[in-house]
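Novice: This is what each chain is made of:
Protein chains: 2
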Amino acid sequence: MYIEVVANIGEARSDDFLHKTVIVVDVIRATSTIITALINGCKAIIPVETVLKAKELYREGDLLGGERFCKKIPGFDLGNSPLEFTKEVVQGKRVILTTTNGTRGIQKAMKADHVLAGALLNSKACAEAAIALKRDTVILCAGTQDVFSLEDGLCAGLILEELVSALGEKHVVTNDFGLAMRGCYLHAKNTLYETLLTCTNGKKMCKSGFQADVVSCTKTNITDQVPILEQDQMVLLQLSQGRRAF
Amino acid sequence: MYIEVVANIGEARSDDFLHKTVIVVDVIRATSTIITALINGCKAIIPVETVLKAKELYREGDLLGGERFCKKIPGFDLGNSPLEFTKEVVQGKRVILTTTNGTRGIQKAMKADHVLAGALLNSKACAEAAIALKRDTVILCAGTQDVFSLEDGLCAGLILEELVSALGEKHVVTNDFGLAMRGCYLHAKNTLYETLLTCTNGKKMCKSGFQADVVSCTKTNITDQVPILEQDQMVLLQLSQGRRAF
Numbered sequence: 008m009y010i011e012v013v014a015n016i017g018e019a020r021s022d023d024f025l026h027k028t029v030i031v032v033d034v035i036r037a038t039s040t041i042i043t044a045l046i047n048g049c050k051a052i053i054p055v056e057t058v059l060k061a062k063e064l065y066r067e068g069d070l071l072g073g074e075r076f077c078k079k080i081p082g083f084d085l086g087n088s089p090l091e092f093t094k095e096v097v098q099g100k101r102v103i104l105t106t107t108n109g110t111r112g113i114q115k116a117m118k119a120d121h122v123l124a125g126a127l128l129n130s131k132a133c134a135e136a137a138i139a140l141k142r143d144t145v146i147l148c149a150g151t152q153d154v155f156s157l158e159d160g161l162c163a164g165l166i167l168e169e170l171v172s173a174l175g176e177k178h179v180v181t182n183d184f185g186l187a188m189r190g191c192y193l194h195a196k197n198t199l200y201e202t203l204l205t206c207t208n209g210k211k212m213c214k215s216g217f218q219a220d221v222v223s224c225t226k227t228n229i230t231d232q233v234p235i236l237e238q239d240q241m242v243l244l245q246l247s248q249g250r251r252a253f
Numbered sequence: 008m009y010i011e012v013v014a015n016i017g018e019a020r021s022d023d024f025l026h027k028t029v030i031v032v033d034v035i036r037a038t039s040t041i042i043t044a045l046i047n048g049c050k051a052i053i054p055v056e057t058v059l060k061a062k063e064l065y066r067e068g069d070l071l072g073g074e075r076f077c078k079k080i081p082g083f084d085l086g087n088s089p090l091e092f093t094k095e096v097v098q099g100k101r102v103i104l105t106t107t108n109g110t111r112g113i114q115k116a117m118k119a120d121h122v123l124a125g126a127l128l129n130s131k132a133c134a135e136a137a138i139a140l141k142r143d144t145v146i147l148c149a150g151t152q153d154v155f156s157l158e159d160g161l162c163a164g165l166i167l168e169e170l171v172s173a174l175g176e177k178h179v180v181t182n183d184f185g186l187a188m189r190g191c192y193l194h195a196k197n198t199l200y201e202t203l204l205t206c207t208n209g210k211k212m213c214k215s216g217f218q219a220d221v222v223s224c225t226k227t228n229i230t231d232q233v234p235i236l237e238q239d240q241m242v243l244l245q246l247s248q249g250r251r252a253f
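Those protein sequences? They're chains A and B, same order as listed. Residue numbering for the first sequence follows my numbering, beginning at 8 and increasing consecutively. Residue numbering for the second sequence follows my numbering, beginning at 8 and increasing consecutively.
Which copy? The list can't say, so a pair holds if one copy fits it or any two copies do.
Computed list of lysine-lysine pairs in DSS-like fashion (alpha-carbon distance at most 30 Å, straight line): (1) K78 x K50; (2) K210 x K141; (3) K177 x K226; (4) K118 x K62; (5) K78 x K100; (6) K27 x K210; (7) K27 x K214; (8) K210 x K177; (9) K177 x K196.
These aren't lab readings, by the way, just hints derived from the structure by calculation. Since we're looking at a predicted model, the values are computed, not measured.
Looking at chain A on its own, in the form it has when it is part of the complex (with noise of 0.2 Å):
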């Protein structure tokens, strides 16, 4: 099996990932709150990239969720701190998300036949479904700003690991850059909050009084559950469509 690992959106092209399984990756947040918002009950995230979008696709029921610098948007209900979608507030509800890079993300990857969403939350259950849905596979750490976020390469690190697991040494194949992410990986993996703290976003989310975030994205393997894109909204993955898929 074939990943690649993408160092951020800047550096991603769309045409790239036809007929390949794209896994977006934002640990701090938007794939760690859209992971949560789901195993939470929330019907489907639908991710966008404009607030004018999200506006837009908003109907009586929905919530509209999102950020811009860390900080909530105007008028939305939520922001975009995994820890706000709780059951009590997501259940059975859709939510149209917009956030800098995650949503970004997703969208860039609109071409691939399948697009998932991947954090620490779910890496062994992002290598399983990358697995059963029988494509080339791509890591696209969403980055910031089209720069590299190191969160998102532990992440990548990570899923790459789950995979060596789960089909050996020999049939895991990845570029330099994967294979960079997986020994930065393997030599943080005893201590992932503490370096968390001391990257660029980890350090960012402290000062602006979000460090129950970075506790909360740092959790490693805490669901099965994988959020993959049908048509223009995020569900989760069942395993007969994996199935399907073959």
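Put chain B on the given structure of chain A with help from the hints.
Specialist: Relative to the frame of chain A, chain B by itself:
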């Protein structure tokens, strides 16, 4: 001290190098070759981007060196293997060198105050030189055709590690990519040669019969010499020169 690590030449913007020290790293093989040539008594290396430019600058007594697609350029005296640049061949001579990535990286860095050539061979010396030259520093991983190469990232990680050893953890600040490369180096440091054999250029070298070059380029901190660009040629940095730059 702030150290930015840039993943490949395509990501580098010349204007970002103003007033800085740039350490260009192309472990396999251009900067390893430049270091080897200069410590073997080569008078100067003139890095140029094209074969035409190399031939234009040639004067009697010079040597022409370089590669395209790992192979020696027809009519040139030398390829791009550090093992060719022995004392017997290069002592007292000027070498005009053109390679696919490394010399391009040096050209790209021209706007910097100081341009150094770094590799695993002289990583500690590069860290010491960067400290002595007292500038914000960029480690420019040359990569291969605008794609990240693992061996350059490992070298960036080692240079960072040497900076931390010299200055202390608190006095070395790097970007997220630098943090990742440092982690990646620390994971691989006891198996550098084996790791280099798994990456794209390592595999390409072995396939082309240059495995001995990989062995040679993997040697760590075997010299305290650092090539520096003076006008349009690389020579060994003299300590007094470092002092002049303060």
